[in-house]
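Chemist: As you go down the protein sequences, you meet chains A and B in turn. Under this note's numbering, think of the first position of the first sequence as 1, with each following residue one higher. Under this note's numbering, think of the first position of the second sequence as 1, with each following residue one higher.
None of these hints come from the bench; they were simulated from the model. Any given hint might turn out to be false.
Stated by the list, open to error - Stretch by stretch, here's where chain B covers chain A in the computed footprint (C-beta under 8 angstroms, at least three residues):
| # | region |
| --- | --- |
| 1 | 3-13 |
| 2 | 86-97 |
| 3 | 107-117 |
| 4 | 130-140 |
| 5 | 147-158 |
| 6 | 165-172 |
What the hints assert, rightly or not - To give an idea of the chain B side of the interface with chain A (calculated C-beta under 8 angstroms), a few residues:
| # | residue |
| --- | --- |
| 7 | 58 |
| 8 | 85 |
| 9 | 88 |
| 10 | 134 |
| 11 | 147 |
| 12 | 148 |
| 13 | 149 |
| 14 | 152 |
These figures come from a predicted structure and were not determined experimentally. The C-beta atom is built at its ideal place from N, Cα and C for all residues, glycine as well.
Next come the chains, spelled out residue by residue.
Number of protein chains: 2
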Amino acid sequence: MAAASQVFASHGYRGGSFQDVANVVGMSQTSLLHYFPTKRDLLLAVLEYRDTKLVNESGVPLDEGIVCEVLAQSEYNVGVPGLIELYTVLASESISPDHPGHAYFVARFGNLRAGYAEGFRALASEGRLRPGVDPDVAAASLVALWDGLQLQWLMAPGEVDVPAALRAYFDQVLTPTP
Amino acid sequence: MAAASQVFASHGYRGGSFQDVANVVGMSQTSLLHYFPTKRDLLLAVLEYRDTKLVNESGVPLDEGIVCEVLAQSEYNVGVPGLIELYTVLASESISPDHPGHAYFVARFGNLRAGYAEGFRALASEGRLRPGVDPDVAAASLVALWDGLQLQWLMAPGEVDVPAALRAYFDQVLTPTP
Chain A
1 MAAASQVFAS
11 HGYRGGSFQD
21 VANVVGMSQT
31 SLLHYFPTKR
41 DLLLAVLEYR
51 DTKLVNESGV
61 PLDEGIVCEV
71 LAQSEYNVGV
81 PGLIELYTVL
91 ASESISPDHP
101 GHAYFVARFG
111 NLRAGYAEGF
121 RALASEGRLR
131 PGVDPDVAAA
141 SLVALWDGLQ
151 LQWLMAPGEV
161 DVPAALRAYF
171 DQVLTPTP
Chain B
1 MAAASQVFAS
11 HGYRGGSFQD
21 VANVVGMSQT
31 SLLHYFPTKR
41 DLLLAVLEYR
51 DTKLVNESGV
61 PLDEGIVCEV
71 LAQSEYNVGV
81 PGLIELYTVL
91 ASESISPDHP
101 GHAYFVARFG
111 NLRAGYAEGF
121 RALASEGRLR
131 PGVDPDVAAA
141 SLVALWDGLQ
151 LQWLMAPGEV
161 DVPAALRAYF
171 DQVLTPTP
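Produce the entire structure from the sequences given, and follow the hints as far as they go.
Modeler: Given below as structure tokens:
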């Protein structure tokens with residue numbers, strides 16, 4: 001999984017081959033095919049591996065509201081640029097409906113928007129949303145901002161501070177905690 | 001250029017081949033190689049073509065401040081999903097330092113951040129920035145938000161309204177026009 005993540009992050013799904021992954025892991029292509037009959041199977045396993053790894057290893061609290069969750073996860077992500085690159089490259093490749101990751105990413109974005117919208121509505125019920133802020137627009141914007149910041153940070157790590165910019169966004173849409 | 005844009009948008013630079021482009025345009029690979037000696041030359045020409053086309057055809061006013069410019073360009077972009085997909089796919093592929101588009105995108109993001117920061121500073125001098133908004137953070141965030149929204153819109157066009165979300169962002173960081 002680590003080898004496949006590395007290959008797909010550097011070359012994309014289309015540019016990365018079974019042979020590249022087999023080379024990194026020091027295994028024959030035949031042995032690799034025993035575990036993953038197709039490259040598509042390998043991709044879907046890598047996406048699941050990435051999700052599980054990020055959630056399990058980050059230690060991010062999931063029951064303290066979206067602000068805490070998003071800021072903690074974004075701090076953690078700074079230490080795992082390879083997994084962030086993997087996500088960024090595969091998401092864009094998957095725009096194409098014939099890409100084997102397409103359904104995964106369409107569902108992922110839909111779930112993220114729905115989850116964050118719920119988080120913003122919870123904050124609204126506590127009177128924390130600033131006037132005029134729509135929970136659904138804020139949810140899509142938060143996902144977008146985070147993805148776009150990570151892209152810029154991967155290109156020029158010294159020039160973009162992802163957690164700081166996300167904190168600034170929350171400051172703009174939420175009133176200060178009492 | 002249109003054929004190469006289409007091929008690189010659908011398959012990425014790495015997944016798209018000279019032969020694919022030659023097929024779309026109805027030209028032999030040899031003839032295509034006469035104009036573009038390497039695939040790298042073709043990529044750089046496509047990126048320049050895209051920039052020129054977007055600026056020339058959009059009719060977006062460039063001297064009326066960033067709010068007007070960004071909103072008008074984002075409205076125009078809704079009508080040219082192929083060019084937006086091309087940009088989104090190539091930008092992510094180009095994170096890798098050995099990708100021939102890497103230098104182009106590093107420079108592009110740097111220039112966009114610098115230009116928008118200047119725009120936000122101009123608004124600050126008119127007293128239009130809300131308290132606590134940093135022009136440099138707002139500039140990186142605007143670029144990020146726009147890129148991320150376009151990615152979600154390309155995945156699910158009916159679910160994300162890019163110009164509306166950008167307008168909401170400006171409302172959050174700027175005070176209303178007097």
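Chemist: Against the structure shown, which of the earlier numbered hints fail to hold, in ascending order?
Modeler: Of the numbered hints, just 7 does not hold.
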